[in-house]
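Undergrad: Residue numbers (UniProt numbering): 1 to 168.
Derived from the structure by calculation, the hints contain no laboratory data.
Since the model is a prediction, treat every value here as computed from it, not as a measurement.
Treat the hints with care, as some may be off.
What the hints assert, rightly or not - The calculated BS3-like cross-link candidates involving lysine-lysine, where the alpha carbons are at most 25 angstroms apart (straight line), are:
id, residue 1, residue 2
1, Lys85, Lys25
2, Lys14, Lys160
3, Lys36, Lys85
4, Lys157, Lys38
5, Lys25, Lys38
6, Lys38, Lys85
7, Lys14, Lys157
8, Lys8, Lys42
9, Lys8, Lys160
10, Lys36, Lys25
11, Lys38, Lys14
12, Lys160, Lys25
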Amino acid sequence: MAGIFSFKCSCCGKQHEGSPSFGFKYPDPWLGQPDKIKEQGKIGDDLCYYTDEDGTHYFARVVVEIPIHGVSEPFMWGVWVSLSKESYEHYIETWDEPDLERVYFGWFCNALPYYESTHSLATDVHPQADGTRPYLCLHETDHELYHDQINGISIEKAQKIAESVMHG
């Protein structure tokens, strides 16, 4: 297995090394809220909530890993999922000592570049120890992201996705 993912970018001509890793600072639903709602809610590096006319919405930041064939480190996405109030509160209560036996159901809350709509894909959120962000497993579906998470992607596809993120 190759040690490090590396490619010469077809857009900028630079050599990029290391498996791609991209993250979102906010869940997409947060971005669409008026300032008044955002001011009454809370957003941090790993947790978010706000209340609108539909009720209170809770979010956690997680990691999606996509294996790259022949490369030791996966392609990683830092994304947000929505959680139920019960799951969110349990997640916070066990923050310092995560309940590694507990899996939280969530909905995918970011639109990933390259892929068709990833909004509202059903997920399972798995807490991790030592302050590591939870990892996300997609529920079985006929979506390219699910197939990539299960089967992995080629080095060429990883490059194509990375270039689409870095250069639009």
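Undergrad: For each hint, tell me whether it holds in the structure or not.
TA: Hint-by-hint comparison with the structure:
1. As the CA atoms of Lys85 and Lys25 are separated by approximately 21 angstroms, the hinted pair is consistent with the 25 angstroms bound.
2. Taking the CA atoms of Lys14 and Lys160, the gap is near 14 angstroms; set against the 25 angstroms cutoff, the hint holds.
3. Annotation: proposed proximity of Lys36 to Lys85 holds, straight-line Cα distance about 22 angstroms (limit 25 angstroms).
4. The straight-line distance between the Cα atoms of Lys157 and Lys38 is roughly 37 angstroms, outside the 25 angstroms bound, and the hint therefore fails.
5. With a C-alpha separation of about 14 angstroms, the suggested pair Lys25 and Lys38 falls inside the 25 angstroms cut-off, and the hint holds.
6. For the hint pairing Lys38 with Lys85, the CA-to-CA distance comes to about 18 angstroms; that is within 25 angstroms, so the pair holds.
7. Under the criterion of a C-alpha separation no larger than 25 angstroms, the hint pairing Lys14 with Lys157 is consistent with the structure, at around 18 angstroms.
8. For the given pair, Lys8 sits about 40 angstroms from Lys42 by alpha-carbon distance, which is inconsistent with the 25 angstroms threshold.
9. Distance hint between Lys8 and Lys160 is fulfilled; the C-alpha atoms sit about 11 angstroms from each other, no more than 25 angstroms.
10. Between the alpha carbons of Lys36 and Lys25 the distance comes to roughly 19 angstroms, so the proposed pair stays at or under 25 angstroms and holds.
11. Taking the CA atoms of Lys38 and Lys14, the gap is near 39 angstroms; set against the 25 angstroms cutoff, the hint is violated.
12. Note on Lys160 and Lys25: the hinted pairing holds, with a Cα-Cα distance of about 23 angstroms set against a maximum of 25 angstroms.
Consistency with the previously given hints fails for numbers 4, 8, 11, ordered from lowest to highest.
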